[in-house]
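Chain residues, written in single-letter form:
There are 2 protein chains.
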Amino acid sequence: MSRFLNSRYSSLKPYVPGEQPKNISEFIKLNTNESPFEPSPMAIKAINDEATRLNLYPTPTGEPLMSALSKRYGVPTSRIFTSNGSDETLAFAFLAFCGKDKGVCFPDISYGFYKVYAQLCCVDAMEIPLDKDFKVVPEDYFNSGRTVVIANPNAPTSLALTLDEVESIVKNNPNDVVIIDEAYVDFGAQSAVSLIDKYDNLLVIQTFSKSRNMAGERLGFAFGGEGIISDLNAIRYSFNPYNVDRLALVAGAASIEDEVYFKQCTEEIIRVREYTAECLKKMGFEVLPSKTNFLFAKHNAVGGEAIYLALKAKGILIRHFAGERTAPYVRITIGSMAQMEKMLYELEAILNEYK
Amino acid sequence: MSRFLNSRYSSLKPYVPGEQPKNISEFIKLNTNESPFEPSPMAIKAINDEATRLNLYPTPTGEPLMSALSKRYGVPTSRIFTSNGSDETLAFAFLAFCGKDKGVCFPDISYGFYKVYAQLCCVDAMEIPLDKDFKVVPEDYFNSGRTVVIANPNAPTSLALTLDEVESIVKNNPNDVVIIDEAYVDFGAQSAVSLIDKYDNLLVIQTFSKSRNMAGERLGFAFGGEGIISDLNAIRYSFNPYNVDRLALVAGAASIEDEVYFKQCTEEIIRVREYTAECLKKMGFEVLPSKTNFLFAKHNAVGGEAIYLALKAKGILIRHFAGERTAPYVRITIGSMAQMEKMLYELEAILNEYK
Numbered sequence: 002m003s004r005f006l007n008s009r010y011s012s013l014k015p016y017v018p019g020e021q022p023k024n025i026s027e028f029i030k031l032n033t034n035e036s037p038f039e040p041s042p043m044a045i046k047a048i049n050d051e052a053t054r055l056n057l058y059p060t061p062t063g064e065p066l067m068s069a070l071s072k073r074y075g076v077p078t079s080r081i082f083t084s085n086g087s088d089e090t091l092a093f094a095f096l097a098f099c100g101k102d103k104g105v106c107f108p109d110i111s112y113g114f115y116k117v118y119a120q121l122c123c124v125d126a127m128e129i130p131l132d133k134d135f136k137v138v139p140e141d142y143f144n145s146g147r148t149v150v151i152a153n154p155n156a157p158t159s160l161a162l163t164l165d166e167v168e169s170i171v172k173n174n175p176n177d178v179v180i181i182d183e184a185y186v187d188f189g190a191q192s193a194v195s196l197i198d199k200y201d202n203l204l205v206i207q208t209f210s211k212s213r214n215m216a217g218e219r220l221g222f223a224f225g226g227e228g229i230i231s232d233l234n235a236i237r238y239s240f241n242p243y244n245v246d247r248l249a250l251v252a253g254a255a256s257i258e259d260e261v262y263f264k265q266c267t268e269e270i271i272r273v274r275e276y277t278a279e280c281l282k283k284m285g286f287e288v289l290p291s292k293t294n295f296l297f298a299k300h301n302a303v304g305g306e307a308i309y310l311a312l313k314a315k316g317i318l319i320r321h322f323a324g325e326r327t328a329p330y331v332r333i334t335i336g337s338m339a340q341m342e343k344m345l346y347e348l349e350a351i352l353n354e355y356k
Numbered sequence: 002m003s004r005f006l007n008s009r010y011s012s013l014k015p016y017v018p019g020e021q022p023k024n025i026s027e028f029i030k031l032n033t034n035e036s037p038f039e040p041s042p043m044a045i046k047a048i049n050d051e052a053t054r055l056n057l058y059p060t061p062t063g064e065p066l067m068s069a070l071s072k073r074y075g076v077p078t079s080r081i082f083t084s085n086g087s088d089e090t091l092a093f094a095f096l097a098f099c100g101k102d103k104g105v106c107f108p109d110i111s112y113g114f115y116k117v118y119a120q121l122c123c124v125d126a127m128e129i130p131l132d133k134d135f136k137v138v139p140e141d142y143f144n145s146g147r148t149v150v151i152a153n154p155n156a157p158t159s160l161a162l163t164l165d166e167v168e169s170i171v172k173n174n175p176n177d178v179v180i181i182d183e184a185y186v187d188f189g190a191q192s193a194v195s196l197i198d199k200y201d202n203l204l205v206i207q208t209f210s211k212s213r214n215m216a217g218e219r220l221g222f223a224f225g226g227e228g229i230i231s232d233l234n235a236i237r238y239s240f241n242p243y244n245v246d247r248l249a250l251v252a253g254a255a256s257i258e259d260e261v262y263f264k265q266c267t268e269e270i271i272r273v274r275e276y277t278a279e280c281l282k283k284m285g286f287e288v289l290p291s292k293t294n295f296l297f298a299k300h301n302a303v304g305g306e307a308i309y310l311a312l313k314a315k316g317i318l319i320r321h322f323a324g325e326r327t328a329p330y331v332r333i334t335i336g337s338m339a340q341m342e343k344m345l346y347e348l349e350a351i352l353n354e355y356k
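Chains A and B, in that order, give the protein sequences. Numbered per this note's numbering, the first sequence spans residues 2 to 356. Numbered per this note's numbering, the second sequence spans residues 2 to 356.
None of these hints come from the bench; they were simulated from the model. Possibly wrong hints are sitting among the right ones.
One copy or two, it doesn't matter: identical chains are merged, so the pair holds either way.
Okay, derived cross-link-like pairs now, DSBU-like style, lysine-lysine, Cα gap no bigger than 30 Å in a straight line [as the list claims (entries may be wrong)]:
| no. | residue 1 | residue 2 |
| --- | --- | --- |
| 1 | K23 | K72 |
| 2 | K133 | K14 |
| 3 | K14 | K103 |
| 4 | K101 | K14 |
So that you can see chain A by itself, here it is in the shape it has in the complex:
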């Protein structure tokens, strides 16, 4: 920290992303919920075709991505927002809808970045405990008097609320914005997009990082009422108007249009996830019923950190979270079937050493 930094940030604790070792190619990487599959071939082609036009700024209207999203989700472009990763939409939303007089609340076990945004924006944050089964209890968020942020499905727990449960939270916070972060929704949960016509206080955020295999492109999108979307645009045009680059605009549009590939990839992840979950259970794991591209699991004899370290020593990266309730668990991203077979093979060997 320099002597020049604004004192309000003196105790800022930035987000710590999943580890990315320098010799990453030597690892099977199951620690940051990336997809094992390439982007849609149509997206790759679109990137190659667009690269020679990079001397020009991106379209300020977000075309052709906006039209593709509008068509795919049946939402007019005036209700869509795009950003440099969904993290940026979250950051803009904290700026727009939280403040000195408006705190925020979110589950005590969730995406770690919510706490960081609250710190950055100097916003009072209330962490609401998950229940004993790691579930979000909708009633705990009713009439919160705060901006509500809920990841659905939640991370790292992998559990999803039903659409009715989400609606109950939105309905019971009529004077506050409810942000539903649907980064993992395409792996089996119900999206709240259908509710944006009904509630002007709902913001639904999605991403190309997981189900669309483009974590490296940095592209997020969101749906909401026209008021909320225009607020986000006011922040964007005061922070970084050209936040989505030309390649992301064409790759995103092409990816959205390639529904066949999208279904193929997400269905394969779900298939491999269910297989992996069954194998883990046979090895003595308790596995939470996942609606995401990862599993959150606890072994009946070996601790989470020990498993994490032992797999790392074998060249397989998974994620372990400190914290009283999460420490017994590991979070394992669903990779390709071959990667999971290798992980399961090494895991079995590790567990045998404990017998």
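Following the hints, complete the assembly by docking chain B onto the known chain A.
The following block gives chain B in isolation, referenced to the frame of chain A:
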């Protein structure tokens, strides 16, 4: 604006980028200081090679871009920052180095976004008038007690300070950060990068948008003391850690390594600029001595807005800024020689109508 927007933003006036008409392909576009040239062929190849790896997050270390910048500019990576366009570095710097107790100052005629950042961060902004010849007067910024932001060369005036003048400002604000925005420096001005070892309060910002022909990729970079750079990283890791995507990282690195193409493009812009300036002078324009990829010029008989509108009607977009001192002028981006010849031809016809 929705009923949910934080009241501190109720009077926010977002930045208005140069116009991008929908039927843009019908225009010769000389209004947003883009390059008429494609990115380096090496950058295009790097993008094509990397596209299949977009399922993985970018490297958090910013490689391979960081190493390329370090080598090219002779600066260790601990003193380099990269961002999603240089606008994002500016936004992060306003968050980090301005605040309730620390105002900002910048020239009254400069990049219009500085005012917007000050508004967004609720920072007191002092606009310091340029002198009668549109020059920044270094002494006006001495011991300002504020964060200082100066575009060098300045926009839309196109004028540059010497390195000694810049150093005098940095030296005479020892307790405040001085930000030198060098978006246009490669077209003939002196960079202040060499001063970062000497002054811990200096931040030098550059971009790939102008001299490296990649406005559409959104890639900025900055040099400063380790303290300042670590402050910017603290903000970045609390806002959007993966702010630079994989394609930008490889395209940026390849572009930096292709020094031959960089020189070829910047020298051609300078050659076309000098030619265009001479032609404009012959037509009765007063042209400020530009060190940028644009010209700021005033005709002795026809007003700036009239010229702007007449050229637009002929399918040529240039930029006009309202404001007492800028209204008589137009800002013309330097395109290819063919584009400038066409612009000059149409301009001559327009001026003849006023005779």
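Verification of the hints:
When the C-alpha separation of K23 and K72 is checked against a cutoff of 30 Å, the pair qualifies only between copies, where the shortest distance is 19 Å, while the shortest distance within a copy is 41 Å. Taking the shortest alpha-carbon separations for K133 and K14, only the intra-copy value of 28 Å comes in at or below 30 Å, while the best inter-copy value is 47 Å. In this assembly of identical chains, the alpha carbons of K14 and K103 lie at most 30 Å apart whether taken from the same copy (21 Å) or from different copies (22 Å). In this homomeric assembly, K101 and K14 come within 30 Å of each other (Cα to Cα) both inside a single copy, at 19 Å, and across copies, at 21 Å.
Checked against the numbered hints given earlier, the structure satisfies every one of them.
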